[in-house]
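Spelled out from the first residue to the last, the chains are:
Protein chains: 2
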Amino acid sequence: MVEGRSRVLIESVNPSVEQGRFPAKRIIGDIVEVEAVIFTDGHDQLRCEVHFRHESATDWSVSALTASFNDRWYGGFPVDRLGRYYFRIRAWTDPFGSWLYGITRKIEAGQDVALDLRGGAALLDERASHAGSDAQRIRLAAGALRSLSADGAGLDQVLGEDVLDLVAEHDPAEFASLSGAELEIVVEPERARHGAWYEFFPRSTGSGGSPGTFKTAASMLEHVAGLGFDVVYLPPIHPVGTTNRKGPNNALVAKPGDPGSPWAIGSPAGGHRSVNPDLGTLADFKAFVARARELGLDVAIDIAFQCSPDHPLITEHPEWFRHRADGSIAFAENPPKKYEDVVPFDFESADWRGLWDELCGTFLFWASHGITTFRVDNPHTKPFPFWEWLIPEVKRQYPEAIFLAEAFTRPALLHGLAKRGFSQSYNYFPWRNTRSEIETYLTELTSLPGREYLRPSLWTNTPDILTEYLQSGGRPAFMARFLLAATLGANYGVYGPPFELCEAAPRDPGTEEYLDSEKYQVREWDLDSPWSLKHLMQRVNAIRRGHAALRQDWNLAFLPSDNNQVLCYAKFTTDRADIVVITVNIDPHFRHGGHVELDLELFGFDAAESYVAEDLLGGGRYIWEGPRNYVELDPGTAHIFVMRQHPRTERDFENFQ
Amino acid sequence: MVEGRSRVLIESVNPSVEQGRFPAKRIIGDIVEVEAVIFTDGHDQLRCEVHFRHESATDWSVSALTASFNDRWYGGFPVDRLGRYYFRIRAWTDPFGSWLYGITRKIEAGQDVALDLRGGAALLDERASHAGSDAQRIRLAAGALRSLSADGAGLDQVLGEDVLDLVAEHDPAEFASLSGAELEIVVEPERARHGAWYEFFPRSTGSGGSPGTFKTAASMLEHVAGLGFDVVYLPPIHPVGTTNRKGPNNALVAKPGDPGSPWAIGSPAGGHRSVNPDLGTLADFKAFVARARELGLDVAIDIAFQCSPDHPLITEHPEWFRHRADGSIAFAENPPKKYEDVVPFDFESADWRGLWDELCGTFLFWASHGITTFRVDNPHTKPFPFWEWLIPEVKRQYPEAIFLAEAFTRPALLHGLAKRGFSQSYNYFPWRNTRSEIETYLTELTSLPGREYLRPSLWTNTPDILTEYLQSGGRPAFMARFLLAATLGANYGVYGPPFELCEAAPRDPGTEEYLDSEKYQVREWDLDSPWSLKHLMQRVNAIRRGHAALRQDWNLAFLPSDNNQVLCYAKFTTDRADIVVITVNIDPHFRHGGHVELDLELFGFDAAESYVAEDLLGGGRYIWEGPRNYVELDPGTAHIFVMRQHPRTERDFENFQ
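Heads up: the sequence lines are chains U and W, in that order.
Each residue of the first sequence is one higher than the one before, starting from 0 at the first, in numbering that gives the first Met the number 0.
Each residue of the second sequence is one higher than the one before, starting from 0 at the first, in numbering that gives the first Met the number 0.
In short, the hints are calculated from the structure, not lab data.
Quick caveat: nothing in here was measured; it's all calculated off a predicted structure.
Keep in mind that a hint or two might mislead.
DEER-style ranges, computed between Cβ atoms [claimed, not checked]: (1) W:Glu-2 / U:Glu-339: 29 to 35 Å; (2) U:Lys-336 / W:Ser-146: 27 to 33 Å; (3) W:Lys-285 / U:Thr-65: 50 to 56 Å; (4) W:Leu-281 / U:Gly-131: 55 to 61 Å; (5) U:Arg-104 / W:Ser-209: 40 to 46 Å; (6) W:Gly-625 / U:Leu-251: 56 to 62 Å; (7) U:Gly-109 / W:Asp-598: 58 to 64 Å; (8) W:Trp-59 / U:Thr-65: 43 to 49 Å; (9) U:Pro-391 / W:Glu-2: 15 to 21 Å; (10) W:Thr-442 / U:Ser-528: 54 to 60 Å.
Cross-link-like lysine-lysine pairs, in silico, PhoX-like; alpha carbons within 20 Å at most [to be verified]: (11) W:Lys-105 / U:Lys-337; (12) W:Lys-105 / U:Lys-336; (13) U:Lys-336 / U:Lys-518; (14) U:Lys-105 / W:Lys-337; (15) W:Lys-518 / W:Lys-336; (16) U:Lys-105 / W:Lys-336.
Footprint (simulated), chain W over chain U, 3 or more residues, beta carbon under 8 Å [stated by the list, open to error]: (17) 375 to 386; (18) 404 to 415.
Built from N, CA and C at the ideal position, the CB exists for glycine as well.
Pulled out of the complex, with its shape left as it was, chain U reads as follows:
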């Protein structure tokens, strides 16, 4: 049976994901804000604290919680190391605090407190028995209490701050309650929270008909750094299979010289731990990564756990694959669709454990070569328990590792992967185009409880996704989607060259596949085209770097507008030191104007005073008054206002009456 005198209840501890089943996520340097509902029967005073430790520490650190309205208690602790932190809440009734609260009320009411003083003195004597070398000072206070008169005059003097501190310090916390399971926080590097990603195919960085290599790709790095991006992401860099290789536009039979899909991984030249010899050597790749680092860019590689029929593992470990009734290897399929250049791993293999180790080793191999940012292809077609094991396993050695989940699938799976450790998640943003779609979905993404574990990465396009909106809206459609992705999302990405150049032609009407997609052929891009969005990208990425409000996801508020094509929203830091208001014309075809309604209270502005809206994009600077203001925008354009209100100074009042 339990200790029936542990009377304090601790509920609704946050941050937590499914009562501790999964960790919440933070980045290094954060203060984790902790809250809980803590109460007991009756009127006793409580003391509550959070105990926390980094996984490498054995001792707990302690920080006090403070009470707020309706039994809510708040506090926090810093997370200044990568890895896992654990925390729990401890709370107990404080007999001395309850006594002090009571006698103070009685003294105020003019009651006789002679007996209460004796009771308090007894509590102090009891406390002194736990107080070691401080016992004498506490006993002195007990004696002084006994000598006070029945009206309690002088209580404040007897119980000065020094005595109260001692009494608190030696609180035996009798019958203390602990919150249930220890809760976990995974602390990741800052780049997990915000970053601008740019995807390109190294083989498309050549010129004059020669395919690109890691060497030619290095000059592309300068372009991308110049646009202000933070992360360069490369599709799989491994050897490409030849069996059933696909030709341009997904042709079932490749012609000689066709390079094949980088996602058909493995050839006699190697598998997931090798580089495609057409791109260069491992040394070339490392030089490419070193150049990126010089330019301030992180390099992310694509980890796609599937094999071409020529992958060395297929002969080395046939037990990790499924075979058909005739003994042939089973290709990937989603009946009636077949993917004959790709073979999936069999995660129900009797040697699943060996397979897991092999795949984990792939991440560790690349991490040992300096790559710790991974875009994971189709993680939802591999077992969820596998990821739940693998990600912490990699992070044990490389706590700086970042995993981006490419799971364009049903919500339970998308969320399930994020809970199991993926740092960031692709999501449905590409298909949220109207005002209500965007407002509803982004509100969902940035609200509790999902935001504790799922960090959205907003992509305008991918090699698989050229949306109807982009196909039909011309250059303004690309501008609008870029502006939305880069200002709604702390993390966003573009599949670079085709996006930058507003490439809009689909392979077939009604599909989202690119015509002449880089997935199956080498392209050359004219990055100096007058159609390019490079100046817009440059400017917006620079604004992101200058504004902390745009580098976090949690503080987002959509604001009313009387024109559904004029989207208006605010992002702000919690302390309101940085407030950015964005208005975008999401109609790629027509100019639109409308009144937007700013939330001055949310901004902490004095509604009676004017304020300045400075357009960081267009350069205009407006003095506004009141919440309602008019904006008018060309197709696909936006204002990115930084909002400021200065307190009035004497100079502002120089007019006499």
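Chain W: place on chain U using the hints.
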């Protein structure tokens, strides 16, 4: 390490309260509707089932779940016994089902399935090895598969329903996943879900100046039964202390003959297991209870765990009480307020275990005398772990026991008690008087997740609560609050005689105390007064008995009205066999009219056809069309419409165009 091939995830299982930390509540005869989010990686077909058992059973029963949108699965199980049920979900991938799904798509697409047929036959052979005496029939089907042609023609014949049933029956459910902890359901008697309660003081049933007794109270039972109530609730029936006894209107000193507060429990005549000799003997009380039962009434008694200074336990078990520095007993107080006729138990007593047993014994004592409905006074001033232990302990012997928590306190405590087993809860209804207050609060009370464990009991008034609204609104205020309580709440109650007679005078302006409260003195009530609400009570209770929609809390919808004084809401059974729409004028002073907007889709009505609204209260019967209709009501009156739409018959179409 886990079994890595258990690839099915089971999440968000409902009903559950805090992931199984507390049980959900149902009544006997319910079907528990179960839902869960269940998914795996990739495209495999799943099989999912719920396992459930009554606490007295050792074997699990099984019922299949069926899939719905977005990985949600639904099913249910019946609870036909009082007590606790346990359930959990089991799910696994179904290789044969996945194979069948795939080959069917391929045959539809005209693909060669020769190898697939061989693969399926191998799966059947494997299944046959688990099939005992059915093995031969499954092997025959395998052989038949092997003999089909490459286009798969005839697959349907080979895999008829009989074969598929056998295959499913012998599914080894390899690598099956189980949902986490077993979830619990507490099954209570029907009266836990709905009932109309009437509170009265037996001592106020006398006449001509003689105080009432259990004998005179028996004639009051006929009155209450005649009004259509279900439960009679009596304030504490135990001996009343004399030390520091309170006089009329809470006077600090009682005069000789003053009866004292029934909540100051205990005298030389006994404590919590005795009856007040002024009311009669235990035999008299049991005769009273028997009479109530004859009239179809349940009797609820008040259990108030506190003592008068004269309670026998104070001398028998001084260790269960707190003493002051001079050795005197510590009275109840909430500084600077003192309650000198009452002594609290000390739940931090070293012998807390003995105290718990004593108090639990009190419930068991009364249960052994036929009382299993308990109104518990101030449960929030006793430890929550105590209740969490006590309620199941009582229900182990008396699973029909019902506990109503009187905790007019902060939300965390109100909810905390309900989670720990109280069947019903007093709540903030008395202070929710305006339209938005009522709509917001009742929506909260009837929504997830709280409704799984907290059953609200809506009280119009109590001996402690004569609200401002009742004090100031005259008879129409009493009518409106009665109508609201009885039609919004499946459970509701009135502190009877003063409510019935519209007694509205407070002891002091600004308080909610009754003048000349029965708490401190004997009253006589003229139940034949022309002011009485008895006809309204009779009619509304009869309507409740005739309409299942009013005897449940979960299906409540507030409907728009263009006049804030005209509240409009619908209650309905899940199958829509009973739909009741209530409109109440909540302004006790003026007549109001307004248009209300019915939700015909919610009712399952054909919006193009007319329907009938029959006023069960006023008798009117209206043929309405469309959602918008006009109502007009005198102060404090209501319509209680039952809504019906009959399908058109041939007769309705007798006019030839």
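### Message
Going through the numbered hints above, which ones does this structure break? Give me the numbers in ascending order.
### Response
No numbers; nothing is violated.
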